[in-house]
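Same order as they appear, the protein sequences are chains B and U. Take the first sequence: its letter number 122 is residue 122 in the working numbering, and every next letter is one higher. Take the second sequence: its letter number 8 is residue 1008 in the working numbering, and every next letter is one higher.
Be a bit skeptical, because a hint or two may be false.
To be verified - Quick partial rundown of chain B residues pointing at chain U, CB under 10 angstroms, derived from the structure:
#1 I162
#2 V190
#3 L195
#4 G197
#5 E204
#6 Q217
#7 S219
#8 K226
#9 R227
#10 Y229
#11 G252
#12 L254
#13 E256
Claimed, not checked - If you want the ones that stay clear, here's a sample from chain B, every Cβ over 10 angstroms from chain U, calculated:
#14 D89
#15 D91
#16 F210
Unchecked claim - Label pairs and their calculated CB-CB ranges:
#17 B:E248 to U:D1169: 36 to 46 angstroms
#18 U:Q1095 to B:V54: 48 to 58 angstroms
#19 U:R1006 to B:I116: 36 to 46 angstroms
These aren't lab readings, by the way, just hints derived from the structure by calculation. We put the beta carbon where it would ideally sit given N, CA and C, even for glycine.
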Amino acid sequence: MDRPKTNVGKQLAMMSADRYSGERRFPTTRWSLVARAGQNDTEARREALEQILVRYLPALRAHLTCGKGLAPDRADDLLQEFVARKILDKDLIAGAEQDLGKFRTFLLTALNRFMINQFRDERAKKRAPCDGVVLGVSDPTWLAQTEASPSVAFDVAWARSIVTEAVRRMRAECQESNRMDLWGVFECRVLGPALEGSDPVDYEQLARRFGFQSPTQASNVLVTAKRMYARTLRLVVGEYARSSGEIESEIGELREILASSR
Amino acid sequence: MIVEERDVSSMSPQSLARMMDLDERIGELWRPGELAAILEHQLSAPVELDFSYLGEEASQRVRALSSVRGPQIRSFGDLLHHPHPPIELLELTKQFAKDCRKRPDGPLPGEIATVLYYASIVAAITKCGRRISKLDHQSLRYALDWALEQAWLDEKTRELLREGYRAVDTAGPETDV
Chain B
1 MDRPKTNVGK QLAMMSADRY SGERRFPTTR WSLVARAGQN DTEARREALE QILVRYLPAL
61 RAHLTCGKGL APDRADDLLQ EFVARKILDK DLIAGAEQDL GKFRTFLLTA LNRFMINQFR
121 DERAKKRAPC DGVVLGVSDP TWLAQTEASP SVAFDVAWAR SIVTEAVRRM RAECQESNRM
181 DLWGVFECRV LGPALEGSDP VDYEQLARRF GFQSPTQASN VLVTAKRMYA RTLRLVVGEY
241 ARSSGEIESE IGELREILAS SR
Chain U
1001 MIVEERDVSS MSPQSLARMM DLDERIGELW RPGELAAILE HQLSAPVELD FSYLGEEASQ
1061 RVRALSSVRG PQIRSFGDLL HHPHPPIELL ELTKQFAKDC RKRPDGPLPG EIATVLYYAS
1121 IVAAITKCGR RISKLDHQSL RYALDWALEQ AWLDEKTREL LREGYRAVDT AGPETDV
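Next up, chain B with everything else stripped away, as it sits in the complex (with noise of 0.2 angstroms):
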């Protein structure tokens, strides 16, 4: 490898000039979007609302389709009324200010309440027999096991979810600080790799395309542009969780659901 004799020294002593100020962004506020989608302001709660939702549908769609073998019209159907008359009707997201458990788990409670409540209502009204006909579920024991179990489709789905919001949100910040070096390395190294399990791609090869001094100094861009997509990903579990140490145990806990999983 042909690498320029570059002087590690001053080189040592000039970094801090190149760090990117990203530290200084994070997030004080917790717990934003949540708060936001249960506040009076129908204006902003309708926003906050959307955002929520439109993030996190796809996760409890999942729950439903994967997780409990709905079909994925009956899914959609029942997601729709959880929406329009929990989330909506009865402003189920003020209620989570009061709960004090995850908000991940909130929501996936009060859809599993939603779902068990409908299935015993369309079961009464068709007189049905109990298997499960009405929603399209064979496993009888499956009502039983709704309350308690959570499903590795819904975190999976959710922690998709974050991952993309978080990776859409550096991109654009990368492009409006006009630091494409970093969103190119990072894509390079760790982003291209993970989605097309391919090698990451040399840094001799980065420094020459981003105009780096030496290899080296695109080893440290990508230390950047990672400390920036981690505190982008917690801006983005700050969005539901209520403190610091929630994010950091949202962030752990999905990924050990995430590296068990197949």
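Use these hints to put chain U onto chain B, whose structure you have.
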């Protein structure tokens, strides 16, 4: 500049788990092949150039020390494998490596700085019979164990570290070597 949006919907749960791993040290900044090349580069880098951040006076001192008896010391490799390396230059190397290690965004990958750090300590022990570190034997053995496990280490540095290991092993408990 507009960049293409990346769709993470196809990402596997394991890849998502890695994307939720916020520890910078995990996720391997450098691959073994790259570390081998960087170590080779660092060992061939002029010592004078890397110590210039210490100021002009120190640079002059480094120049003077580099012309000791025996082969001339031009690079870190020359210094570490010199039959009689100046102890002061080894101390400067150790300090330089330590400064690099302290900075997660420093100019050398942590692994390289760590090897340079222990190699300077070991060179002082084996070639000068002096200790330039307050590390006890057990900690030094532990560190050398780690270094010797690195597949990207070049053979010459590996042999130097092995010599250091043997010297520490035969020196007995906490005696000066």
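Okay, the hints, checked on the actual structure:
The restraint placing B:I162 at the interface with chain U holds, with a minimum CB-CB distance near 8 angstroms, inside the 10 angstroms limit. About 7 angstroms separates the beta-carbon of B:V190 from the nearest beta-carbon of chain U, less than 10 angstroms, and the hint is met. Annotation: B:L195 was flagged as interfacial toward chain U, and the flag holds, the nearest CB pair being 6 angstroms apart, inside 10 angstroms. Contact between B:G197 and chain U, as hinted, is supported at the beta carbon level, the nearest pair being about 8 angstroms apart and thus within 10 angstroms.
Interface hint status for B:E204: upheld, as the beta-carbon distance to the closest one in chain U is roughly 8 angstroms, under 10 angstroms. A distance limit of 10 angstroms between C-beta atoms decides the matter here; for B:Q217 the minimum to chain U is near 8 angstroms, and the interface restraint holds. Taking 10 angstroms as the C-beta cut-off, the interface hint given for B:S219 holds, the closest approach to chain U being about 6 angstroms. Hint on B:K226 holds. Least Cβ distance to chain U is approximately 5 angstroms, under the 10 angstroms limit.
Because the smallest distance between the Cβ of B:R227 and any Cβ of chain U comes to about 7 angstroms, under 10 angstroms, the interface hint for this residue holds. Hint status for B:Y229 relative to chain U: holds, with the closest Cβ pair at about 8 angstroms, below 10 angstroms. Annotation: B:G252 was flagged as interfacial toward chain U, and the flag holds, the nearest CB pair being 8 angstroms apart, inside 10 angstroms. Residue-level restraint check for B:L254 holds (minimum Cβ-Cβ distance to chain U is 6 angstroms; threshold 10 angstroms).
Because the smallest distance between the Cβ of B:E256 and any Cβ of chain U comes to about 8 angstroms, under 10 angstroms, the interface hint for this residue holds. Non-interface status of B:D89 relative to chain U is upheld: no Cβ of that chain comes within 10 angstroms, the nearest being about 31 angstroms off. For B:D91, the shortest C-beta to C-beta distance to chain U comes to about 31 angstroms, beyond the 10 angstroms cut-off, and the non-interface label holds. Taking the minimum C-beta to C-beta distance to chain U, about 12 angstroms, the non-interface status of B:F210 holds against the 10 angstroms cut.
In this structure the supplied range 36 to 46 angstroms holds for B:E248 paired with U:D1169, their Cβ-Cβ distance being about 42 angstroms. Checked against the given bound of 48 to 58 angstroms, the beta carbons of U:Q1095 and B:V54, roughly 54 angstroms apart, stay inside it. A hinted range of 36 to 46 angstroms for the beta carbons of U:R1006 and B:I116 is consistent with their spacing of about 38 angstroms.
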